[in-house]
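These are the residues of each chain, in order.
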Amino acid sequence: MNQWEVFVMDLAELAEGKELELTIRTLNPGIHKYTYKRVRARVSAALDRFPDRLQVRMGRGQLSDRKFSIEVLEEIRRLPAKYQ
Amino acid sequence: MTAPRSNREFIEACLKSGDAVRIRQEVDWENEAGAIVRRACELEAPAPFMEKIRDYPGFSYFGAPLSTYRRMAISMGMDPASSLPEIGREYLKRTNGDPVKPIEIRKKDAPCKENILKGTGVDLCKLPIPLVHDGDGGRYVGTWHAVITRHPVRGDVNWGMYRQMMFDSRTMSGAVFPFSDLGKALNDYYLPRGETCPFATAIGLSPLAGMAACAPSPIPEEELTGMLAGEPVKLVKCETNDLLVPADAEIILEGEILPDYKVEEGPFGEYTGYRTSPRDFRVTFRVNCITYRNNATMTISNMGVPQDEGQLLRSFSLGLELEKLLRSQGIPVTGVYMHPRSTHHMMIVGVKPTYAGIAMQIAQLAFGSKLGPWFHMVIVVDDQTDIYNWNEVFHALCTRCNPERGIHVFRNTTGTALYPHATPHDRRYNIGSQVLFDCLWPVDWDKVNDVPTLVSFKNVYPKDIQEKVLANWTDYGYPPVR
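Chains as they are written, first to last, in the numbering used here: chain S, 1 to 84; chain R, 85 to 566.
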């Protein structure tokens, strides 16, 4: 199970039941901890719904006590092709 | 005593004088190292030199390099016990001379080339980039460093301390304000042309190079470093672009700024003592090459409540550069001081009040200058008030500043996203407001009959009485006054 974290201004940004585009960072142990990915994902307040866990921080870094499960559907490559 | 030429010489000098401690036990890059640095800052304790970092054998950290005046004095090769005015006078003396041009050395002689990562080997996570504060938006690569760029038209080189967050293994994002030198170059030149801007980030600089990168001086930082050190700074060419970087820096990151592609940055614990600026899409730095010394030491500045180098050094250099500005305009100032605890938001100016409107003239010059966005309060006191003595300044503010005529608000100026008092809208658009507290007696008041007499020991007693009391002070039964 992977651990992820996301920053939001409002928990309403984590709408359940639809596909979302999120910038999430890995909390898995190791030297790559805290690196980011842009992904298409689904989230749920039911922790057993999706395979991975998602922790939430608010706009100024405050840790939310709400936890979610998350399924990463696809990584989105935002970097323009000319820079790849 | 000579100025330490490198970060390593500086650490040795601080260890020798008791201004640094060697931490031999392993520390965690995730929060623990940051917490040590933060506590050292808040206690004004010796700088931590952390020799063993979890997951990163062979690397070390040096935190809070210049967060005390003692370490600032050491960095300049002065007695650590030197007073702030003494350090300030020395800074002005050295930086008012002729610029000292840098020299370029061969790559094989540059310590920063001892290890080179290119191509698929580039991974920022191979460096012990710390999570400085719990809850930060990321691990911050650049907290005490220089981002080196060259203006595409003028050709002048800029070393700026723009914070940089690791976004992924090859990408950093950073706060570059549009009124900064780099911000102007990106908006005026690179963005309209869709061209990338070459950059290099130097980490683990000599302390004087760090001081120069932090100083808002019009002198190119590589020359300013040489002026402060009394000898040329040694530079070496990058591997992947034509920029020159300090050869003795611990770590160099080379790459390009992508002007039309932005990723999220922040939030981050800032020099004001808060996390203020919002997480936002900010300037993106793509890293193409990493070079570093054997046993490289990464420097960490942990910004938060006073005092860290974000306040102390910036207050120091900003105040002195403003003093230069005012003197260049013929203003009869006795000095300019920014107390570190004001997080360089308050500029205190001592002046001989020889004509009407002099406080307003000072405020207009200061707020209107390139340095203006970085502070929002100016207090002007007379030449009899000791600007370094907050008790005297506070007394003058509370007794001489007329609420109706002495307080002048400047609206719709330039601010930064970092001001805690600014509205969310103003932070987003760098809209500022500023205020002058004029604590001078009006020049049209009769000096004999209208201006109140300051009732103090040194002002109301005859000199012979003062000398007698001072001479007999311990005989009266009081302990000696230091």
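Simulated from the structure, these hints should not be mistaken for lab results. One should not assume that every hint holds.
[Stated by the list, open to error] According to the in silico footprint, chain S covers these stretches of chain R (three or more CB under 8 Å from chain S):
1) 205-216
2) 246-254
3) 560-566
[Claimed, not checked] To give an idea of the interface, some chain S residues facing chain R are shown, with a C-beta separation under 8 Å as derived from the structure:
4) T35
5) Y36
6) F50
7) R57
8) R60
9) L79
10) Y83
Note that beta-carbon positions come from the ideal geometry of N, C-alpha and C, so glycine has one too.
Comparing the hints with the structure gives:
Requiring three or more residues with a Cβ within less than 8 Å of a Cβ of chain S, the coverage given for the segment 205-216 of chain R holds, as 3 such residues are present. Chain S is given as covering the segment 246-254 of chain R, and this holds because 4 residues of the stretch bring a CB closer than 8 Å to a CB of that chain, at least three being needed. For the segment 560-566 of chain R, the stated coverage by chain S is not satisfied: 0 residues place a CB nearer than 8 Å to a CB of that chain, which falls below the threshold of 3. The beta carbon of T35 of chain S comes within 5 Å of a beta carbon in chain R, closer than 8 Å, and the hint placing it at the interface holds.
With 8 Å as the threshold, the beta carbon of Y36 of chain S comes within range of chain R, its nearest partner Cβ sitting at about 5 Å, so the hint holds. Hint status for F50 of chain S: violated, given a least beta-carbon distance of 23 Å to chain R, over 8 Å. At about 6 Å, the closest approach between the beta carbon of R57 of chain S and any beta carbon in chain R falls short of 8 Å, and the interface hint on this residue holds. With a least beta-carbon distance of about 5 Å to chain R, the hint placing R60 of chain S at the interface is held under the 8 Å criterion.
Of the supplied interface hints, the one on L79 of chain S holds, with its beta-carbon coming within about 7 Å of a beta-carbon of chain R, less than 8 Å. With 8 Å as the threshold, the beta carbon of Y83 of chain S comes within range of chain R, its nearest partner Cβ sitting at about 6 Å, so the hint holds.
This entry does not satisfy hints 3, 6, going by the numbered hints stated previously.
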